[in-house]
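Chemist: Now for the letters of each chain:
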Amino acid sequence: MAFVALGPQAPVASQKPTKTGRVALYLLLPGLFYLGLFFLTPLFSLILTSLKAPSATGVIGRYDVALEIGNYGYALGQYAPQIFRSFSFALIATVIALAISYPIAYFIGVTARNRPLLKGMLLTLVIAPFFISMLLRTFAWKQIFSNDSWLLNTLKDIGLMGADSYIIGTDFAVIFGLVYNFIPFMTLPIYASLDRLDLRLVEAGHDLYANSFTTFRKITFPLSMPGVISGTLLTFIPISGDYVVASRDFLGSTDTAMIGNVVEANFLRIQDYPTASALSVLLMAAIVILVSAYVRRSGTEDLL
Amino acid sequence: MKLSLGKYLLPTYVALTFAFLAIPIIYTFVFSFNDSIKSNIIWRGFTLDNWLDVCNQQEVCDAFGNSVIVAVSATVVATILGTMIAIALVRYRFRFRSATNLLLFLPLATPEVVMGAGLAAQFLDFGWQKGLPTVIIAHTMFTLSFVVVTVKARVATLDPALEEAGRDLYANAAQVFWRITFPLLLPGILAAAMLAFALSFDDFIITQFNSGAVDTFPKFVYTAAARGIPAEANVIGSFVFLVAIAIVLVVQIRSSRKQKKLITK
Numbered sequence: 000m001a002f003v004a005l006g007p008q009a010p011v012a013s014q015k016p017t018k019t020g021r022v023a024l025y026l027l028l029p030g031l032f033y034l035g036l037f038f039l040t041p042l043f044s045l046i047l048t049s050l051k052a053p054s055a056t057g058v059i060g061r062y063d064v065a066l067e068i069g070n071y072g073y074a075l076g077q078y079a080p081q082i083f084r085s086f087s088f089a090l091i092a093t094v095i096a097l098a099i100s101y102p103i104a105y106f107i108g109v110t111a112r113n114r115p116l117l118k119g120m121l122l123t124l125v126i127a128p129f130f131i132s133m134l135l136r137t138f139a140w141k142q143i144f145s146n147d148s149w150l151l152n153t154l155k156d157i158g159l160m161g162a163d164s165y166i167i168g169t170d171f172a173v174i175f176g177l178v179y180n181f182i183p184f185m186t187l188p189i190y191a192s193l194d195r196l197d198l199r200l201v202e203a204g205h206d207l208y209a210n211s212f213t214t215f216r217k218i219t220f221p222l223s224m225p226g227v228i229s230g231t232l233l234t235f236i237p238i239s240g241d242y243v244v245a246s247r248d249f250l251g252s253t254d255t256a257m258i259g260n261v262v263e264a265n266f267l268r269i270q271d272y273p274t275a276s277a278l279s280v281l282l283m284a285a286i287v288i289l290v291s292a293y294v295r296r297s298g299t300e301d302l303l
Numbered sequence: 000m001k002l003s004l005g006k007y008l009l010p011t012y013v014a015l016t017f018a019f020l021a022i023p024i025i026y027t028f029v030f031s032f033n034d035s036i037k038s039n040i041i042w043r044g045f046t047l048d049n050w051l052d053v054c055n056q057q058e059v060c061d062a063f064g065n066s067v068i069v070a071v072s073a074t075v076v077a078t079i080l081g082t083m084i085a086i087a088l089v090r091y092r093f094r095f096r097s098a099t100n101l102l103l104f105l106p107l108a109t110p111e112v113v114m115g116a117g118l119a120a121q122f123l124d125f126g127w128q129k130g131l132p133t134v135i136i137a138h139t140m141f142t143l144s145f146v147v148v149t150v151k152a153r154v155a156t157l158d159p160a161l162e163e164a165g166r167d168l169y170a171n172a173a174q175v176f177w178r179i180t181f182p183l184l185l186p187g188i189l190a191a192a193m194l195a196f197a198l199s200f201d202d203f204i205i206t207q208f209n210s211g212a213v214d215t216f217p218k219f220v221y222t223a224a225a226r227g228i229p230a231e232a233n234v235i236g237s238f239v240f241l242v243a244i245a246i247v248l249v250v251q252i253r254s255s256r257k258q259k260k261l262i263t264k
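Sequences listed follow chains H and R, in order. Numbering that gives the first Met the number 0 numbers the first residue of the first sequence as 0 and each following residue consecutively. Numbering that gives the first Met the number 0 numbers the first residue of the second sequence as 0 and each following residue consecutively.
Everything labelled a hint here was simulated from the structure, so no lab data went into it. Do not rely on the hints blindly, as some may be mistaken.
[What the hints assert, rightly or not] Partner residues aside, some chain H positions facing chain R, computed with beta carbon under 7 Å:
#, residue
1, Thr19
2, Arg21
3, Ser132
4, Ala139
5, Gln142
6, Ile269
7, Gln270
Just so it is clear, the structure is predicted and the values come from calculations on it, not from any experiment. Cβ atoms here follow ideal geometry from the backbone N, Cα and C, with glycine treated the same way.
Just chain H, with the same shape it has in the complex (with noise of 0.2 Å):
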């Protein structure tokens, strides 16, 4: 997905698999029984986890094996708004970090398309930020951001901001710093489509008296849809569960807590697991469906 586009482009030679026999097994099996242990199993251990109730010694963090349904109504009824804010904080993050990203892809991609010692530079500005650490940087932003910060009394020196207004816990600071991080998410695949397109097909629409406009509507725009579609993934998906960013320590507060942070909170500090489990369960049944349906339209093979 997005992190092939990094190296340089190469012609697929075009091959079918062709050999069969034991050996395929011998490659596959180990890699493919480690997932099964360390990633299938515990989703079966999460959502019979979210079926305990507490314990009958009473003892806290310390749950039986139930069918405890009711878990589920609890999460949902108890963090509703939490659930909300997570999706609709993911979609608003995505459809913005989407405008921004194209055009740069555009530029990498297309513009610089010849050039590849640019390209190269480009590139690697594009996935600097991956190099340190994103904690680090989500901090850095709520300093610059901070109620005394230079850009604050400078804001509020001239007039644009009151007084009293502040920037860091608002819904306007998480997604802010959900949409700086999850930008080279967006913009990789993009690129990485937008690269392999053939321009003499947009040169066709312009001999057929296409504005730049109606080509990009109708040619660019749809031929670069795969790597759109993975971005949208890419990026809407870490951030549905993401909580650095909205934690309180960073950009956010108790009132921009996401489903992540709940989820935290409840497993790590209070130690109740089912509903912890059960909203964890909730929020992967969400990507699922929203995963499947993608799937129907490219098919599994074309995923990875």
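Dock chain R against chain H, hints included.
Modeler: Chain R alone, transformed into the frame defined by chain H:
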């Protein structure tokens, strides 16, 4: 007039966006030189002390060391397992192919908090103590699919005729693999390993759920955020950034030279 405006509009936009992307990086770098006391919020003057004596804050150094141990271990295991799967996917026909693809795709599409909580719930059920080994297990799991994706792209560009030629010259299966296939795959495997390392090193959410009392660098930063992050953390972040950028620049310049040759030919 309209044309020239359009000509400069996009490059200007791109330059501005890159400047925007760079702001927190530059901020972190600059504040690594801050003569701070406990927290590192207000600029108090330039100093090299933070860089010269990083381990003055012992916890930062320990956390950094743990991050390196975890990233190296997870990268080695994930790269080996992932490369094997990638070869099988491109070269072999087998049943349950789409189930295999789905199993490999799912970890990429699962929010980290779900993977983290799921694994933690399983460790709880198993009664396993959380610590460095559980973090390594978790990181190997979530980086594995990324390795498969990256190596698979490289295997797909390999010309099977080269391996056939080897067999025609009476090389056995092992010789064909180690003398022909592996050297040709090596750039892809290295790229995958670098990616796995970077992902593991920067991971926070899955780590927080499965590390117990052990700190990794991102986890240290998260915990420290409540009381203020020490400048030493900025030093480590900036140092890692500079090393990574240097590696990428060297790779980019080399590959762009190659491409230029191809274009001018």
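Chemist: Determine for every hint whether it applies to the structure shown.
Modeler: Status of the hints after comparison with the structure:
1. Using the Cβ-Cβ criterion of 7 Å, the hint placing threonine 19 (chain H) at the interface with chain R is satisfied: the shortest such distance is roughly 5 Å.
2. Below 7 Å, beta-carbon pairs count as interface contacts, and arginine 21 (chain H) has none with chain R, the closest being about 10 Å; its hint is therefore violated.
3. With 7 Å as the threshold, the beta carbon of serine 132 (chain H) comes within range of chain R, its nearest partner Cβ sitting at about 5 Å, so the hint holds.
4. Given the 7 Å rule on beta carbons, the hint for alanine 139 (chain H) holds: about 4 Å separates it from the nearest Cβ of chain R.
5. Against a cut-off of 7 Å between C-beta atoms, the interface hint on glutamine 142 (chain H) holds, since the closest Cβ of chain R lies about 6 Å away.
6. Evaluation of the isoleucine 269 (chain H) hint against chain R yields a violated restraint, the C-beta minimum of about 14 Å exceeding 7 Å.
7. Among the interface hints, the one on glutamine 270 (chain H) is violated; its C-beta lies about 10 Å from the nearest C-beta in chain R, farther than the 7 Å criterion.
Checked against the numbered hints given earlier, the structure breaks hints 2, 6, 7 and satisfies all the rest.
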